[in-house]
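Asker: Following the hints, put chain B in place on chain A, whose structure we already have.
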Amino acid sequence: MPQAIADIIRLDGAEKHFGAVRALGGVDFHVGPGECVGLVGHNGAGKSTLMHMVSGTLVPDSGTIGVHGNAEANYSVSRAQQLGIRCVFQELSLCPNLSVAENTRINHASLTGFGWRRKAAELITAKLDEIFPDHGISAWDIVGDLSIGRRQMVEVARAFTVTQDRLDLVILDEPTSSLDAHTSGQLLAFVRRFVGSGKSCILISHVLGEVLRNADRVVVMRDGKVVAADAASAFDRDRLVTAMGGAEGHHRSEAETAKAEAGPLRVRARPARQEDGKELMARAGEIIGLAGLAGHGQTDLLLAIFAAASRARTGMEVTAPVALVAGDRQSDGIFPQWSIAQNIGIRSLARLRNGLLISPQREAALAGFWQKKIGIRTPDMNHNIFSLSGGNQQKALFARALGSDAEIVLMDDPMRGVDIGTKLEVYDLVREEARKGRTFLWYTTETEELDNCDHVYVFKNGRIVANLGRDELTEEKIIQSSFGDAA
Amino acid sequence: MTSVKSLLAKPWIWSFVGALLVWLATIGFTGGYGAGGMVTAALSLAVFTVIVGVGQMFVITLGPGNVDLSLPANIGLASAVAMKVMGGSDSMIIVGLLAAIACGAAIGAVNYLLIWALRIPPIIATLSASFIIQSVDISYGRGLQIKPPPGFADFANWQILGIPVLAMLTVLFTIGAAIALQRMIYGRSVLAIGQNIRAAWLAGVNVGRIRFLTYTLSGALGGIDGALLAGYFRGANVDIGNEYLLASIAVVVIGGTSVAGGKANVPGVWGAALFLVLLLTMLNTFGVSAGVRLLLTGLIIVGVITAAGGEKALR
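These protein sequences, in sequence, are chains A and B. The first sequence: position 365 = 365 (the numbering used here), numbered continuously. Just add 487 to wherever you are in the second sequence, counting from 1, and you've got the numbering used here.
Isolated chain A (complex conformation) (with noise of 0.2 Å):
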């Protein structure tokens, strides 16, 4: 590519250790103006630290950054901030006590004097009817109590807002991962419109069709290397994963589809809000779906069902033990203090007593059976849970919940920013487990986790409006049936 423009930003042999870990291993990248950037590759491949660097957060240790065509020795946050740099992270980073309109003066230090949060509110407002028109958000709504999905788009609209500062390139990190399939076409439509004026963004995302669809120019990390870089057009799906490395292509055996005839009853359950007869229910061995748009109530039935287990509830019956995965990983599932074998062992406390004390062995037993069968890459699991990449934490999560006795397990959108190999694991031993006679109940915003479900109940406005079985899912379906009045 001619040099003609300067690039808004150029990493030359950027590396970067974290201890004997090497993190990034020379690595050259380069966005030019105008241009959607694809960036892949497994969790743990160094496309997090890379971003750190473009947005300033980390220090190459040896290597050198220019952004707009000048070498910057002394590049930082609000360095980048002053470049034009943004970066949306994967892990949500707004205040949760401060409301919308508050989280985004936190960005704007100009929006000052008297009436600050009036301005506040009317730049992040127009920005959400810009990229999420109907997206129901107030500006005065505290970040804390708006689902993850819609903290997500709070997060990504305040990237783009625009006071003083100049605006070249936004990082996405993930930005789609609590997004359902409709606000994800929003933010990615409106990404082409943003590059199509001239600006330019780096797009990551676990979905690949999404980057294929989108970027301009798709680079793969692997091993904290760049392994492939080249137009997106020169990608398809299959080339990709083989860059990546890892998990092969994946296809469904048909004659997984013929399932044993109906187990025994595991929940039946019924939204608070359902008002006809459509309950929801699952039997011994099924994996049951809960579709349907971001926050329509899925999450909130997987906890009702939760509390049924240990309290009886109207509408509700569970027959047998049960254990959620947390999707929200920070505030549902992770105990920052605990090493991972803690974090998996919580679960399971009564089985690895020996007498009246919790055994050492049985619990090292326990995370070690799990660090094997579903790979967690840790040198120890003593070590603490946040020693692990995202992904891996949410497999600790998985190995907590399916190591535990629970016949019914909830699944509440667990795989957000987990990669594309991890999750073919999970699915796999998600369908073993299910085999073996476990009940799934596995509420998702990716259409294309669906396909491992047995039947899936769509919800709108939290209340099932459609059950389809196997045979009749199709993305079209799902989304049909989420804006309709019924199926």
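Hint data in this document are derived by calculation from the structure and do not stem from the laboratory. Since we're looking at a predicted model, the values are computed, not measured.
Computed footprint of chain A on chain B; a stretch qualifies when at least three of its residues, placed anywhere within it, have a C-beta under 8 Å from a C-beta of chain A:
{"hint": "1", "stretch": "671-678"}
{"hint": "2", "stretch": "684-691"}
If you only want the chain A side, here are some residues facing chain B, beta carbon under 8 Å, derived:
{"hint": "3", "residue": "323"}
{"hint": "4", "residue": "324"}
{"hint": "5", "residue": "326"}
{"hint": "6", "residue": "331"}
{"hint": "7", "residue": "333"}
{"hint": "8", "residue": "334"}
{"hint": "9", "residue": "335"}
{"hint": "10", "residue": "336"}
{"hint": "11", "residue": "337"}
{"hint": "12", "residue": "346"}
{"hint": "13", "residue": "347"}
{"hint": "14", "residue": "349"}
{"hint": "15", "residue": "357"}
{"hint": "16", "residue": "358"}
{"hint": "17", "residue": "400"}
Using N, Cα and C, we set each Cβ at its ideal position, and we do this for glycine too.
Answerer: Relative to chain A, chain B alone:
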């Protein structure tokens, strides 16, 4: 060398280092006179702080906002209940002790009931409970000093080779508490709730029951502490527990337990209790006035917490 290093990494080591330094400073000042007696006295007094400190530690470990402010009133009432039930007779000692524990446990249970049923923050619930308890105590004990049975007073002051027997028993009790914290389902559950109450619930921890047990345990420990104090000081009175409001919280914090919850340790409670008692002794020995003594105590506690709390936050 590595063992020294791993020892220095323990959050509780600093409280013992502090206690040792204060002790050395004092005997340096007196030219070595009274070194042994000081340790004996420190052990005798530290026991009472340790017992309520352990209860407070479990409560604080439940997470931000959890604290038992009813301990002083609880101690006062339990001391009166114990002395009345014992009625000066050696044969009633055990019954009196059980009555004190029951009284404390009931207070703890009521505390949690207020927190749970009325959804009051623990700090308010336990504080308002303590006013009620205090009124009950005043009308129940009528402000009179009630003497312990001679056998009980002797037991509370009993020493073997200069080591108070009560201190030895308390060491055994704290070993038990440390095991409960690290190796039993109860302790793991407390630590889980303190780190993330929602995640704990979703991981199958019976949050309500564990919190109930913890407040009840703290109350029961306050109760037994009241009875022992009355025995040691040869009489119950309403104000006997007053100093344990701040002391019980201070030993937990100085001992390296996280005020944010989810991280606790028992040895630190011992180190911190010894440190506080020795600190007072030192300042008395130096002959500083009461005002300066309080000032220095405050400053030193701040200093110790800053030094001990210097570890880096996780992400």
